[in-house]
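K.L.:
So the chains spell out like this:
4 protein chains.
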Amino acid sequence: MSYVYDAIVVGGGVIGGAIAYNLAKRGGKVLLLEKERLASKASGAAAGMLGAQAEMDGEGSLFQLARKSRAMFTQLAGEIKETSGIDIELINKGMLKVALNEQQQHEYKRVIAIQRQSGEQADWMTGEEVRRKEPVLSDAITGAMHLEKDGQVEATQLTLGFLKSAVARGVVIKEFVEVYYFQLSKGKVSGVVTNEGNFYSENVIVAGGAWSKKLLSKTGLQLDTYPVKGECFSVVSHSQILTTTVFSHGCYLVPKKWGRIIVGATVKPRTFCKKVTVEGISILMEQAKKLMPSIVEAEWERAWAGIRPQTADGLPYLGEHPIYKGLFIATGHFRNGILLSPITGEVIADLVEGKPTSLNLEPFRVDRLVRQLT
Amino acid sequence: MSYVYDAIVVGGGVIGGAIAYNLAKRGGKVLLLEKERLASKASGAAAGMLGAQAEMDGEGSLFQLARKSRAMFTQLAGEIKETSGIDIELINKGMLKVALNEQQQHEYKRVIAIQRQSGEQADWMTGEEVRRKEPVLSDAITGAMHLEKDGQVEATQLTLGFLKSAVARGVVIKEFVEVYYFQLSKGKVSGVVTNEGNFYSENVIVAGGAWSKKLLSKTGLQLDTYPVKGECFSVVSHSQILTTTVFSHGCYLVPKKWGRIIVGATVKPRTFCKKVTVEGISILMEQAKKLMPSIVEAEWERAWAGIRPQTADGLPYLGEHPIYKGLFIATGHFRNGILLSPITGEVIADLVEGKPTSLNLEPFRVDRLVRQLT
Amino acid sequence: MSYVYDAIVVGGGVIGGAIAYNLAKRGGKVLLLEKERLASKASGAAAGMLGAQAEMDGEGSLFQLARKSRAMFTQLAGEIKETSGIDIELINKGMLKVALNEQQQHEYKRVIAIQRQSGEQADWMTGEEVRRKEPVLSDAITGAMHLEKDGQVEATQLTLGFLKSAVARGVVIKEFVEVYYFQLSKGKVSGVVTNEGNFYSENVIVAGGAWSKKLLSKTGLQLDTYPVKGECFSVVSHSQILTTTVFSHGCYLVPKKWGRIIVGATVKPRTFCKKVTVEGISILMEQAKKLMPSIVEAEWERAWAGIRPQTADGLPYLGEHPIYKGLFIATGHFRNGILLSPITGEVIADLVEGKPTSLNLEPFRVDRLVRQLT
Amino acid sequence: MSYVYDAIVVGGGVIGGAIAYNLAKRGGKVLLLEKERLASKASGAAAGMLGAQAEMDGEGSLFQLARKSRAMFTQLAGEIKETSGIDIELINKGMLKVALNEQQQHEYKRVIAIQRQSGEQADWMTGEEVRRKEPVLSDAITGAMHLEKDGQVEATQLTLGFLKSAVARGVVIKEFVEVYYFQLSKGKVSGVVTNEGNFYSENVIVAGGAWSKKLLSKTGLQLDTYPVKGECFSVVSHSQILTTTVFSHGCYLVPKKWGRIIVGATVKPRTFCKKVTVEGISILMEQAKKLMPSIVEAEWERAWAGIRPQTADGLPYLGEHPIYKGLFIATGHFRNGILLSPITGEVIADLVEGKPTSLNLEPFRVDRLVRQLT
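Protein chains in written order, with the UniProt record's numbering: chain W, 1 to 374; chain X, 1 to 374; chain F, 1 to 374; chain E, 1 to 374.
Simulated from the structure, these hints should not be mistaken for lab results. All figures in this text were calculated on a predicted structure; none of them were measured in a lab. It is possible that part of the hints are untrue.
Identical copies go unnamed one by one, so any copy, or any two together, can satisfy a pair.
With a Cα cut of at most 27 Å, we get these calculated BS3-like pairs of lysine-lysine [to be verified]: (1) LYS186 x LYS289; (2) LYS214 x LYS275; (3) LYS68 x LYS25; (4) LYS81 x LYS133.
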């Protein structure tokens, strides 16, 4: 008899890590399979913003998911540090979503009103107030939403923190193991076929980011997701101090420890190509200079790109396969994978356990957009 | 109407590069698809030995293939340098296949006799003669086959040289494009389905190394190949000069320009895991010290691993798919991919053109070992 | 008039960083000059052990300095995290100084007795107890000193943490600025001459590690220090779990977060050459295998070396120049620079301020070994 | 008695390498000392242009030196390849010095006339002719000097090629050895004092680039040189093909093998700081886009900087020390170190041997600008 795991998680990024971590906390014997190296795709490329309010306007199911997830980070940081020794570098210094023209100003003030009705903190700051708070920011900024609760983490550390904490709780992780097919019969999943042989479980969770679609296409489920390249670069400066994350249309500045600032991110849909282009850097650099002119004096560090999974309606897929019981899916988090990882880990663990979820997952059902089901 | 290529090559390693280069020289409009980066797998990890005589004993079809391929390098080096500016660093200083005990001595003398009958140069050198030629070699070496014609190249440069020369002749290369399926109907191939959409051609060549098997499994062809990890490391020394490549059972030393010596390679079957282990380095290091004691003074550079495709009978697969016309296969070169790339490029181009090949390819037929054909 | 700093620190390693941090906390306007990149020499190469008891036998002035410094880490970790966001990864899981033969056993039991008399915790564990605590350790270990209070930190993080916290408190850091000479007259220092011009202060602190001697030789002071190369390597394993730092004669294993283990360190005196040799890795690897046989399954990561400043009597130099007032020296910490950095920062700041130090610095006077004073 | 070398070369860059190589060819027993790693400063950062005509207008002693040196490369490439196996990647595809406005056009036509009088090939090409030759170049280019003989090499390969060829001829190279002082007496040099002890020779050649000045200041010679940072970056494109090196005011594009293009270089005087700034990349990127708009589609590779030695009058220093016999100096080559290395190696070897040089070295005397000689 082969060993049967309580669950097999496919994907060694932040979503797979969060799910494995939650399942292990509940006592399950879990196997996590990653086709290359852990945290080597979108999770390792992310800037780590927790922009529940900056990225969403304050209505809809994604906003509810995001604010709930954001609230979980403080406790999570402690748990991960304790279990794995890894500091996820949670910073709670808020975010400035800055306006560069009157139209944005008008729009952001409207969003503030909505978010306040939802019970969130959101304030309007004038350009002068913005520069009093962050003197390095440009005169071109005419005002900003100040979002006190939108923080940030170090994305790779969070991913490794989930994974290492999962290992500490007995999860087995295998890198360079690629799942080829699922073992499916009688409407149920019973395992996976990989380049290292077969592994068995009645619960298989696909958390393969932009690569999930291909894997699931073999089950008759055509997810409406597509890859979106995002290019970033980082600089270091010890004299140009930025404290708050700055978010604008088309460019954000995320200050990290040691004077590092991550500048991101371009949005290039429908490609798996991880190459950083001159165009990408050039556009980001010009926009960063508009937000923070003295960034020109900072030291160049490096550039990179990640491939993020976007969906047709912009909502992630979180749920069970419409045909095969025990086959769960968690993908399509686009730019919010880091932010949404704690809640995703929790609700998927609930689904696997057959427990009611703390949140209505109807809007995230995997068959909501199904075009083709054969 | 979509554009139809004369041929599509799947795989951006040395074999795919050699095929694309040969097809382009003959005037074809070729597309080459690589699922990650060019030369990023076994081709970029190889030490570059051209051990036609060192690796094979002098009989059989593989030896014929190898000696024919080895003879092509001098002209090839010139062509690639001229077309692409890339120096493949062909070194023709011979090889010493060293014996460390009487049994090996006996065996190697037997092989010398066989190889001479095949018309190859092969001489026996005593331990003293070996050390006169290469003073850094150990007293433990009791003798060696001296193979004047077994040279070496820089493997990544050869791979990039093929590819760049192919580009110069009109080949289109796309990285980060993964072939999911072939378009097959009426016993013919008509194109490929990828993560970047469909591409069309009536000639598709699979040169995906250890990853070929999975791709072909969808066509009903179960190749009897498996991955074999090989670990290597490199050192640099300007005072310990080694000129000739040294080949022994379990360890080889390949002297490169700038005092670099590549020490290779372990043989770990049936894994795609590219991790270098402490064990791998430890074993290689002990063996290298036995061959060349003063290597301890050399500077450590780095360690790496490659995943090479081996076959059940040790022969590569070179030929057309047994069911689908136009679908060609070139894989299973194991440790001889660099050595065999020129002849592979030529014979596959012959097959695609429907020309007779200069060599009998029967022993390399893809259906010779077929166990399962559904 | 040129700007006059309250103090100029020469050296951007952990000692320079600790001094700058302490001076800044006391309100001084400090300039720190580093001839290359920060944390690029011994401080960036260290394994980060806080071996107050493991490295010293429990008597003498160095032991007093070390235990005092070790006690400062908990508070320091909090301060640095708060000021700079940097986690120095302080781990307080103790150390096992393992015996591999009877002589060591005897010796270590003697040391335990001495250390207990000094009021330190130190226990003898049998080989079985050691393996119950750390099942991956070898049967060859016949017993161990268990030192509960000897912890460890991440050395680069500590160095950058000091430096970044110093910057947050107003310290100006300049990289790539090499001090050529001191400005000296009438028995006092008044500044430094560098490749970027002159900088002025009546307090100059030399914390240049192994490079301090050369700089000070121009002042008539011939420190009896010499460089000692130490080579290390790191591996990663998620299945072979080690929790406690293991210290043996000639080799230590320092478990870091994420399954990383640092294996160190060779001792090669009187060279500034940072090259890692095959010999160094080979020796460490054999010793590591003796301590923890399953380390062979771990993944190889990388190797590196640092150049540490040793002194003739093994004690660091901490004090003022015998001729020139205001010129302070803090070097010669050999393998204990990380451990001794907090106390060094404090006492040097005391000396600069002219305050009595919390510890008798007589044994560390810079002229104690002076051979030549012209 | 200590070993006495025929010559000691201080500096492991392209100039030191060329000198050691020439001295060794003439039979001398040479020691080369490098304070860090070989080719780690300006020589490893250079784009490798041989712009004898592009960089100089056609008159004066520097032009004579440069054209003579340029003529030496073809033979040198063969020698180095033969001796060391290293391909210096000499490309003789000419250079386009492009004009972007009428003033430049006027100026360049004047230079063409001068250069032709000197017997050099130089042609004017209209903007259309330029784009016919290189279709990727911009419409903004109104014309260009076409300099057929200005080629390029791979700078690191040239440097390592000199050094490796020198080693093959018996030169001893020591890295991480820093010269502190010269041993001087009775108007003669007799050796050097270093961090690894003393080395003896009656001929010492200082080829330390921007670091030479400091070393020589201790001999009473104040060279009027200063460091100039140059920042560069590289991109790779297989679809945007550029063949000829493009040189403009403030930016050049140097096409290398494998589709790589080096974009250089900023000019930031009087700093040893090797940090690449956002400003540097931003300026180069904008200028590169003006020359070759489709460069935006190329893949970003990396950015780096080098510190080049400039002199007050723009001419290198090539000659003997005005006071100390046997102490030779070769520095101040600014942006032309690669180009001038062959002739520098030759004439310095002539000086050391006491032979007449093939060129009048009066304009390059080391005491021509001496301001202070004590």
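K.L.:
Does each hint fit the structure? Answer for all of them.
P.N.:
Cross-check of the supplied hints:
no.	hint	verdict
1	LYS186 x LYS289	neither (59 Å within a copy, 50 Å between copies)
2	LYS214 x LYS275	both (21 Å within a copy, 26 Å between copies)
3	LYS68 x LYS25	within (20 Å within a copy, 40 Å between copies)
4	LYS81 x LYS133	between (31 Å within a copy, 22 Å between copies)
In this structure, the one hint that does not hold is number 1.
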